[in-house]
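Below, each chain spelled out in residue letters.
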Amino acid sequence: MKIDIIKTLFTRFLSSVLTLFLLVSFLFIIIRLSPGDPTDNYISAKLGTELSEKIAEKFSLNQPITNQYFAFISNIIRGDMGVSYNYRLPVFEVIWQYFSFTLVFASISFILQITLSIWIALWVIKKRKRWLDNFLTNSSIFVYSIPAFALGVALIYIFSFNLNIFPISGLKSLDYDYLPFFSQFLDKLHHLVLPLITLSAGGVALFYKYIKESMDELNSQTFILNLRASGLEDNVILRKHILPNALRPLISVAGIELGILLGGALITEVIFSLPGMGRLTVDSIFSRDYPLVIGCVFTAGAVMILANFLADIAKLRLDKRLIKGILN
Amino acid sequence: MNIKILKLLLLSLLFFLIISCNSNQTSPNSRIIIGISADVQTFNSLFAFSYEESAIVDLLYPGLLDFKWNSEKGELDTYPMIAQSWQWSEDSSYIKFFLRDDIFWSDGTKLTSADVVFSYDIFSDPDVQSRLFGTFDYLYTDAEGHIDIEKTFKVISANEFEMHFPENSIADLVKISIPVIPEHIFSNIKRDQLASSEINFNPVSSGPFKLKKWDRNQTITLVPDSNSFLFTSGQVSELVFKVVPDYTSRILQLRKGDIDLVELVKVEDMNDIKAENKLSVINLVGREYDYIGWNNIDREAFSVGKIKPNKLFGSRNVRKALTMAIDREAILDEYLLKQGELAASPVSRIFKLAFNNEVKPYEYNPQAAKRLLAEDGWKDENKNGILEKGKEEFKFKMYYPVGNPLREYAAVIIKNNLNAVGIEVTAEKIELGTFIHNLNERKMDCWMAGWGIPIPLDLKPYWYSDPNAAVLNFPNYRNFEVDKILDQLETKISNERKNELVKVFQEIIHNDEPVTFLYWTPNVVAYNNRIKNLSITPYGVLFHCWEWTLDK
Numbered sequence: 001m002k003i004d005i006i007k008t009l010f011t012r013f014l015s016s017v018l019t020l021f022l023l024v025s026f027l028f029i030i031i032r033l034s035p036g037d038p039t040d041n042y043i044s045a046k047l048g049t050e051l052s053e054k055i056a057e058k059f060s061l062n063q064p065i066t067n068q069y070f071a072f073i074s075n076i077i078r079g080d081m082g083v084s085y086n087y088r089l090p091v092f093e094v095i096w097q098y099f100s101f102t103l104v105f106a107s108i109s110f111i112l113q114i115t116l117s118i119w120i121a122l123w124v125i126k127k128r129k130r131w132l133d134n135f136l137t138n139s140s141i142f143v144y145s146i147p148a149f150a151l152g153v154a155l156i157y158i159f160s161f162n163l164n165i166f167p168i169s170g171l172k173s174l175d176y177d178y179l180p181f182f183s184q185f186l187d188k189l190h191h192l193v194l195p196l197i198t199l200s201a202g203g204v205a206l207f208y209k210y211i212k213e214s215m216d217e218l219n220s221q222t223f224i225l226n227l228r229a230s231g232l233e234d235n236v237i238l239r240k241h242i243l244p245n246a247l248r249p250l251i252s253v254a255g256i257e258l259g260i261l262l263g264g265a266l267i268t269e270v271i272f273s274l275p276g277m278g279r280l281t282v283d284s285i286f287s288r289d290y291p292l293v294i295g296c297v298f299t300a301g302a303v304m305i306l307a308n309f310l311a312d313i314a315k316l317r318l319d320k321r322l323i324k325g326i327l328n
Numbered sequence: 001m002n003i004k005i006l007k008l009l010l011l012s013l014l015f016f017l018i019i020s021c022n023s024n025q026t027s028p029n030s031r032i033i034i035g036i037s038a039d040v041q042t043f044n045s046l047f048a049f050s051y052e053e054s055a056i057v058d059l060l061y062p063g064l065l066d067f068k069w070n071s072e073k074g075e076l077d078t079y080p081m082i083a084q085s086w087q088w089s090e091d092s093s094y095i096k097f098f099l100r101d102d103i104f105w106s107d108g109t110k111l112t113s114a115d116v117v118f119s120y121d122i123f124s125d126p127d128v129q130s131r132l133f134g135t136f137d138y139l140y141t142d143a144e145g146h147i148d149i150e151k152t153f154k155v156i157s158a159n160e161f162e163m164h165f166p167e168n169s170i171a172d173l174v175k176i177s178i179p180v181i182p183e184h185i186f187s188n189i190k191r192d193q194l195a196s197s198e199i200n201f202n203p204v205s206s207g208p209f210k211l212k213k214w215d216r217n218q219t220i221t222l223v224p225d226s227n228s229f230l231f232t233s234g235q236v237s238e239l240v241f242k243v244v245p246d247y248t249s250r251i252l253q254l255r256k257g258d259i260d261l262v263e264l265v266k267v268e269d270m271n272d273i274k275a276e277n278k279l280s281v282i283n284l285v286g287r288e289y290d291y292i293g294w295n296n297i298d299r300e301a302f303s304v305g306k307i308k309p310n311k312l313f314g315s316r317n318v319r320k321a322l323t324m325a326i327d328r329e330a331i332l333d334e335y336l337l338k339q340g341e342l343a344a345s346p347v348s349r350i351f352k353l354a355f356n357n358e359v360k361p362y363e364y365n366p367q368a369a370k371r372l373l374a375e376d377g378w379k380d381e382n383k384n385g386i387l388e389k390g391k392e393e394f395k396f397k398m399y400y401p402v403g404n405p406l407r408e409y410a411a412v413i414i415k416n417n418l419n420a421v422g423i424e425v426t427a428e429k430i431e432l433g434t435f436i437h438n439l440n441e442r443k444m445d446c447w448m449a450g451w452g453i454p455i456p457l458d459l460k461p462y463w464y465s466d467p468n469a470a471v472l473n474f475p476n477y478r479n480f481e482v483d484k485i486l487d488q489l490e491t492k493i494s495n496e497r498k499n500e501l502v503k504v505f506q507e508i509i510h511n512d513e514p515v516t517f518l519y520w521t522p523n524v525v526a527y528n529n530r531i532k533n534l535s536i537t538p539y540g541v542l543f544h545c546w547e548w549t550l551d552k
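Order-wise, the sequence lines are chains A and B.
In this text, residue positions in the first sequence follow my numbering: the first is 1, and each later residue adds one.
In this text, residue positions in the second sequence follow my numbering: the first is 1, and each later residue adds one.
Check the hints yourself; a few may be wrong.
As the list claims (entries may be wrong) - BS3-like mimics (lysine-lysine), calculated; alpha carbons at most 30 Å apart, straight line: (1) K311/B <-> K213/B; (2) K278/B <-> K188/A; (3) K532/B <-> K338/B; (4) K151/B <-> K54/A; (5) K58/A <-> K443/B; (6) K58/A <-> K151/B; (7) K188/A <-> K212/B; (8) K190/B <-> K54/A; (9) K188/A <-> K256/B; (10) K58/A <-> K338/B; (11) K58/A <-> K175/B; (12) K54/A <-> K443/B; (13) K266/B <-> K172/A; (14) K58/A <-> K532/B; (15) K175/B <-> K54/A; (16) K54/A <-> K266/B; (17) K460/B <-> K54/A; (18) K213/B <-> K188/A.
If you are wondering where the hints come from, they were derived from the structure by calculation, not from laboratory data.
Build the full structure now, drawing on both the sequences and the hints.
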């Protein structure tokens, strides 16, 4: 059995590598066929075309596309994604500067989304009040349909501009360096409250709806009625029998959501001036920074694959019978 | 049990908060915060390509000379900076510079003539590909544009050197004054590796400020350099550039007092800002204008090396008619709330002595436009509402880049105005990168865009017939009389003669109307009144910002 697991894990690893390879190859061709040229940024009244020609030569942009592709593939095999045209630094060095923030920010938001949605669903079920249930179900649709930019701007206007409770933007205050360690931590937390609400509100609403519907469905199943008839406490039934089963469909969606979050949250990052992957990716697309675009998409693809794999493992923890299906 | 744990946690939090409050460290007492929309990628003067980069880096690396905007004349006056004085030779074949004796780099090393000479060498080096590469044609250079140091410079002492010019070279002081970078730092790095070197992020500077801290995509903090020759005791203790990409957020922070100065404020926000006692606004008009570009020549013929007038826009009468058919005043009144100014040529009113007052913008007159079009053979013979000339109907696509609400608004007005005189226009917006690429490749016949005007005025890159000398002549405008004037402007003539020539140039351009000059767009700068000694001119917003002080 163990050898089988290792074999299937290895196969899954290979298929993931192949997926990423196809992704970057496809992207390489698409962005080079799309209109625009990175060297256009270096043409100006003062400079003429000399500099743009030099830069095209330096980054081999004047080579045939096939030569560029083979050079790109051979570099990738050696683990080199190239140098960003704008930053003039190795692509992964640039990405790390932004991904580190996204990793923390997305993880906190993800944990918030999962825990809050489960907590609210459990609370509603325990309360057993129809009006509360209806109110939260309808509110969740409303919250989910609010665009992030509208929610972000509204939160800023109310809580930052009018009430002056939270900062409008940024990751830390200007006096951050003058604060002691614990205050620095609180300062960052203070700055992240509104962005986290903006980023997580939709997710909480979505997960709440998923989990609540699953719980309602399970609540009327015969095995739950049997458990109740056998005298088990409601709390025990809820935690040990309903919740684990209700979580299963949520986990697949959560895996995808985590992948998306780790790929960057463009709108939240722009509104609150946060240094995340979303801004980096979009800026690199607009400035035609080809190596950086590929690096960002590669990172987003890799985290999506990893997040789905983690979701599968989580499902496995809940039900060991799923092992073969997941590994294949 | 749970409540006990919660109490314990709250107590610990309180404890930490009390410890935090007992810090002896203090924050700076005078700080000016400037809101910017994008972060920089480098602090290396060689590669400061973007507007934000050059504005910040120029505070770290001053040039040989200083320039101030003379609003009476509408031109730059020259003042000493690193060079305390200079002397032209009698035949203008060389210039001798005398450097100040009290300039030190932020690491304590003295700035000398060797640094200046080294700066010219490295800025012109093809292996470096700096932001000034290819612009040293007024000095002795090799075929690749690299300055011949031996022929060009003669170092006399640590504070004196001569700069020699080839015969017929026209060097003006603005061109000559490039930022000076430290030889003792940059010479230790291989030139082809400079772009990715650590020095890009840890500059050794000589300006009034030095870099204190850079939080990527958050803030750039500059502090006064007490070793600098520009240091004064009244200087603010920190100049912070805060990166806020979202416009609404920038304005809210300005109004809340989190930011002290913001550029490019939308005109519709001016009244709200003015209403706040603590804020002021300045409207700088005359550095940028919007225009509709008409390709004057036939693209297909041009691609095979032939010059043939464009079948729609080749005639000056048609171009004039197109301008007259557009109600530019309406756009100015309704969208720009009268904060801009109608444009008649590429020379704005700010260049007072060179501006031709006789050249007036064409008035909105659809009837006159129809008459001009009819004179040129464009008539609606088949009564389908669209003008035609032979079998050719007057219809075309007008492209403009996404992300500019003014142009989106103007596109609707322009389309409707031209439809009213029998011209069918399809307005199509495209992504900015694609738009710029199509402009450079001359792939469009009609487009709407904007142009910035350099100071000092430089018209050749936009209006000269030879595409190699005029990379930005996107309309492919050709007029040999204009070429003659632009060539003459590059000869050794007096400023008065130059101004006369520029006035004639405006008349010719106005008569040819190679593009439809729409309006000079406003650059509204809003700032907090607590900043004193501001001197915001068309030459720059951060001009002499080391002289800014704060109201106590």
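Violated hints - listed by number, lowest first: Structure breaks hints 1, 10, 14 and 16.
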